[in-house]
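Using the sequences and the hints, build the whole thing.
Just so you know, the sequences run in chain order E and R.
So in the working numbering, spot 45 of the first sequence is number 45, and the numbers just go up one at a time.
Numbers in the working numbering are just positions in the second sequence, counted from 1, shifted up by 1000.
Which residues of chain R face chain E? A few of them, derived with a C-beta cut under 7 Å, are:
no. : residue
1   : Gly1179
2   : Glu1182
3   : Ala1183
4   : Ala1186
5   : Gly1188
6   : Met1189
7   : Arg1197
8   : Ile1198
9   : Pro1201
10  : Gln1202
11  : Arg1278
12  : Gly1279
Quick list of the computed label-pair ranges, beta carbon to beta carbon:
no. : chain 1 : residue 1 : chain 2 : residue 2 : range
13  : E       : Ala132    : R       : Leu1065   : 55 to 61 Å
14  : E       : Gly40     : R       : Ser1095   : 30 to 36 Å
15  : E       : Arg120    : R       : Leu1260   : 44 to 50 Å
Partner residues aside, some chain R positions facing chain E, computed with beta carbon under 10 Å:
no. : residue
16  : Asp1177
17  : Gln1180
18  : Ala1184
19  : Gln1185
20  : Ile1187
21  : Gly1190
22  : Arg1191
23  : Gln1193
24  : Met1204
25  : Arg1205
26  : Phe1276
27  : Ala1277
For the record, the hints were derived by calculation from the structure and aren't laboratory data.
By construction, the Cβ of each residue, glycine as well, lies at the ideal position given by its N, Cα and C atoms.
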Amino acid sequence: MRPLVAIRQVSKRFGEFQALKQVSLDVFEGEVVCLIGQSGSGKTTLLRCVNQLATADSGGIWLDGELLGFREIDGRLHRLSERDIARQRLACGMVFQRFNLFPHMTALENLIEGPVQVQRRAVAEAKDEAMALLRRVGLADKAGSYPSQLSGGQQQRVAIARALAMKPRLVLFDEPTSALDPELVGEVLSVMKELARSGMTMLVVTHELGFAREVADRVVYMDQGVIVESGPAAEVLRAPREARTKAFLAAEVG
Amino acid sequence: MSHGDALADGFPDLSGHTIARQAHWGRWLAAAIIIVMLGAIGRAFANGQIEWSYVERFLTAPVILRGIVNTMIMAVAAMALGIALGVVVAIMRLSPNPVLRSVAAGYTWLFRGTPLILQLLLWFNLALVFPTIGIPGLWSARAVDVMTPFLAALLGLGINQGAYTSEVMRAGLLSVDIGQYEAAQAIGMGRLQALRRIILPQAMRVVIPPLGNEFIGLVKATSLASVIQYPEVLHSAENIYYANSRVIELLIVAGLWYLLVVSILTPLQMLLERRFARGLARGGR
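Put into structure tokens, the structure is as follows:
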């Protein structure tokens, strides 16, 4: 079976700092993969490479069999145009740590911006679908609210709905609950759980080990730019093989 | 150490007390001094060599009214040109393309680095450099016919304004959080679409107060176009006092008109600020 996302030997450095070292990973259709690890371990950088918000220095990422960001001609890689990269990004939805909703637009306007302006879909149809998505995340009554009028948890739920409005093949989550007050984490996680149950492919960078244990098909532990250990959630979280994973989990549980 | 529920003695209940009004002696004193000074200045002008009847007569004279209309037309047109140039140059300045970046920096350097009145005179005297201008084979004309006072003033003021506006716009674009660019990219937008739909509308909120300031400056800077014969209000006033020698009276007339226009612009700016503060808890409220 061909993976939906295939990451092969991806390296990335920021100046002196080597963020990723020869990382390879497969994500299959319908799978929920959680990336865990300390800050600075490279998990967010890996996620951003999949959406081309960061560009790998070497290695390749294929989405549904299509190489991202480059075209291979006669053994050489030619960078794709901005337009082609924008088209490739449509396959991924992205949910940011700090929500990044558009503050000058209402929740509904945030949702239809991509479908109408980028995908050129009819406004009425986009609105109907956006309302259905807002209902799905429990915020139909907030369609006319601006982000500043919503709590952090509500903003992140709108941001998830905005990602889904583009009908992506997979959704990337970059620490979606890290910027939230503790009492607002649950509502966001429950939306994500519902999404996972619906069969959406998800790649989630998270510190919520409880969420990973409950929802993830696979957990990937990263440290210092490499994948230390990866496997079924129950194995990695309950019975880790690697010493570094054990130390991390022991520290996280406290 | 716990003391139970008992509160310490010696701190009486003040909740029933009224708060006495403070006496602001300093304010009364300052007001008195200022009223005396204003009175003295007013008296001096009333007794000075000013024929107020001339001010009254010429305040609504047709030439003056045409002048103020021309002033406003020029200010609006030059500001429109300045904003258009400013947005384009600011975007060029932040582009990844080094050629565009240098062109933008060079433009700002050149037009901020020379006096506006000199630029106006250069545009107006362009015919000395290029006697005929045009597109080879398609169209050509004598520069003196094309470079009217209106066009010279518009180019001089608008292009100069563009250099200043581009810096205001650049500050506005930089004030928008980088996460907004990323969110726009994540929904498949290209650079220009993200700028137009997501970044510029948010930058506008930041740039309107300084742009309002720039516009008020430009309204007054149109008076410099009097040196190239553009018939704005100061030029009209000068023409009248060359004939009747009522110099101060006509300068007061022009001054009153500038004050009136600027006074009207301030509340207009507030309206614009409120429009662009949509969705933001702070600002305009």
